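A.B. asks: Protein chains in written order, with the numbering used here: chain L, 2 to 297; chain D, 209 to 334; chain C, 49 to 484.
Please keep in mind that the hints were generated in silico from the structure rather than gathered at the bench.
Just so you know, not all the hints are guaranteed correct.
What the hints assert, rightly or not - Quick partial rundown of chain L residues pointing at chain D, CB under 8 Å, derived from the structure:
1) Val33
2) Gln176
3) Asn179
4) Leu211
5) Leu212
All of these numbers come straight from a predicted model, not from anything done at the bench.
Here a beta-carbon is modelled for each residue, glycine too, at the ideal position from N, C-alpha and C.
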Amino acid sequence: MNLLECKDLHFAYAPKAPVLTGLDLRVAQGQVVGLLGSNGAGKTTLMHIALGMLRPQRGATRVFGIDPLVDPVQVKQRVGFLSEQQLLPPGMRVRAVLDFHRQLFPTWDKALEHDLLERFPLDLRTRVAHLSKGQARQLGLLCAVAHRPELLLLDEPAGGLDPAARRQFLEASIQLLNESGSTIVFSSHHMTDVERMADRIVLLDGGGLLLDGALDELHEQYVVAVLPGSGANAQKLADLHSCLRVRRHKNTVHAVLRGTSEAVGVSLARELPEAHAACQHVPLEELFVELLGVDS
Amino acid sequence: MQLQINPADAVPIYRQIVRQVIKAIMAGRLEPGEKLASHRDLAGLLVVAPLTVKKAYDELEREGWIGTRRGRGTFVNDVQPDIDVEAVRQRLRHTARQLLTDAALADLPLTELIELLRQLDQETRS
Amino acid sequence: MMGFLLKNDLLRFTVPAMWALGLVYGVVMADSANKDIATGFGPLTIDPNKTFLEWMMVNTVMICGLVLGSMQAFRVATPFQRTLPIDARALFWERLAVTLAGVLGASLLCSASFMLNYDHPVHPLQLALSVNAQSLIVLVPLLFHSARVQTAKGMPWYLFAPLLVGLVWSGVQLGMRSYWPATLWLTLSAALAWSIKKRLPRSFVLAHGSRNSKFGDALSTLGDRLCDLPGLGPALTLDRSLRQPLGLNPRHLIIFFSLTLLLGVVALTRSPWGGLLAVVLLQMAWFSRCAIGAGRVAHLPITRERLFRHAVLPGLALLAATAVADMAGWWTPSPTWPALLVLWAFTWWQLLSLFASPAGSLSALPVSKLVATGSYLIVVTGMAFDHERLGALARWLTQQSPDLLYLAAAVAWLASVLILRRTFLRADSIPLTASS
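Chain L with its partners taken away, still in its complex shape (with noise of 0.2 Å):
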């Protein structure tokens, strides 16, 4: 059963300023989703529309297969959601955030909270407005996973954090897949920690979806052709039916496509005989930054 269900998304915060236009997602059990994309390319956008909080203007979306905009108290009890941002009241205490949130969810795992609290470690009379950020987003992450959502919408759950603090960050959400299994869409821009957590990669750009496969797959079927600079290679490039995207540099030009290295060596060796074409799998922040960067 898909868990989270988009269909012909469309939303604009302003008339003249869209941020999802036709968007098409389908997430499934178990996956471990990665979402990427560029600040304002919509995916804390996403995650709110999943969770009911704003309204598209064209399109419709399933949460468990109920509508957010209709159900949204029952959406709300099975999805964990970590906000970007800090949203706790920040005079209230840790133990105060807690008691709420328990009383909020039925099916609040206290033996899970009690684990967790120890691990992160938190005090439970600090105030959150006198947490460090890092243990804000614990806090944050405690809350939207003891209550053993079926899903989890984490939005920049690293974000800000240092590199300790991410580890423990990561550590903690890998035991939660490893116990509970559940479903995870994640937003990052560490693509560290993506490759570290993620089995499937959706990368939004212009309003609707760039990439959209398994993370294994991305390595293993897209490349980056590098070749000496010329206006003529890049327009041959660009012609190609396996390229996705064309950068050019100072002396280079910088080319996504499709296919194994091989393949493409080959194809390139054929359709661009005098250019000397490196192509490489690269790790998943290089094709992040070619597929989105700009000329330069």
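Following the hints, complete the assembly by docking chains D and C onto the known chain L.
C.D. replies: Frame of chain L, contents of chains D and C only:
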């Protein structure tokens, strides 16, 4: 078992795990019949998604390096599979082509490349 | 419904406090009217011969405040609440219930206590109408809100209800030749309409929470500031099944309730000094919060010294000035009743905001400062009308046209507030000292 994974590498994490396990077995660091960590434990240790580890283990099992016994765990097989020389040859061909292209871009002559290989071979043997 | 109300801890404190205030207000106004304390020209006093109209003039100011405050009800949920499985509908009905209980009850008690304390006969219907008119005007948009009708653009038509009501009311005022209230009401309706059109976003999802609008933010943070005594306790409201107020510190409620009682006791003893003291103390507390809030927003270090300088000193100065004036025989501090009135209005607003305010929005500090400085000015203006020389000016203005006085007061208020606002918001005007 010491495994190092680099998430920023072009090689997918599961394949890094596969390669390192194979290397460990071939170098004797993993004995035949030795028990491997469960995929959940390894996932926690390496801080990667448990499915990734599972995928690696599945591939290793498919190629015949390890085997799972219900209820007991995952163990290194007593009998190692034959190395598929042809597959290795293909991979090396491809890597070699990469090397040559990189060298050509930097205008490095073939002789220098061969010298480099010789040097590295000496270092590995010693 | 009753069972649900009684379970609400918030109600146990807030509604009785509102009723107590209404009662006090009635007594205060009756007393003021009996003694004919002010010259009758002050904008905040009552001329018994014009009970209905004067009541309306005073109430119009408060009505506008209340309706603007009721706009908060349209912001059904804060960003925090919207991520949680809280039924927005239940939240809204709960707020409506509390508003009804508090405002209507307070209005009725106010009318009753006025009638009991006023020496001259008053037509009860007239009085009841005038006092309760404000409640009705608050409730009308809220009732429309409950209808939850949405246009194709997603913007509910009933958001324009306050505007409609405002227009109708201005017409009524014009018909009764109360030009000042009519102007005020028209201006406010226009401002409301403009805010709704411009500031509220297109994808306004009412029942399921809206995106933050600066205007709504401003209002709710004003509420925050007003009820924000030591510590920051956000006032979230109850889920029907819960017994504890969500995130609201009961200590704050107790403090607020006690201060309200103090005010009531002081008013009932009819001691002008006591009244002034109460006013000044509350203003100081309020102003301190604004100063702290200003520091937080402008990232200035808030020190006890700065707090003293900007909050405590003005209050003490006001007190000292009044004492000196009284001793010199210039004027007696009887115009504390208008001051109490102002305070009551803002307390009312505070109460309304108390259970509708969000958690942690920052942007409205300038508004709260406006209100704080404005209230000071109104107090001073009210006092000035009894001053021999300044009173002469007031009387002269009134002779030209009754409404001119009020307009002058309003203009003076706005001007000073804008000037003071710039002073407060400019970082370099507040001397930096080492944080304590």
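A.B. asks: Taking the hints in turn, state whether each one holds.
C.D. replies: The hints, checked one at a time:
1. This hint holds: L:Val33 has a C-beta 6 Å from the nearest C-beta of chain D, less than the 8 Å allowed.
2. Taking 8 Å as the C-beta contact cut-off toward chain D, the hint placing L:Gln176 at the interface holds, the least distance being around 6 Å.
3. Hint status for L:Asn179 relative to chain D: holds, with the closest Cβ pair at about 5 Å, below 8 Å.
4. Evaluation of the L:Leu211 hint against chain D yields a violated restraint, the C-beta minimum of about 20 Å exceeding 8 Å.
5. Hint on L:Leu212 is violated. Least Cβ distance to chain D is approximately 15 Å, over the 8 Å limit.
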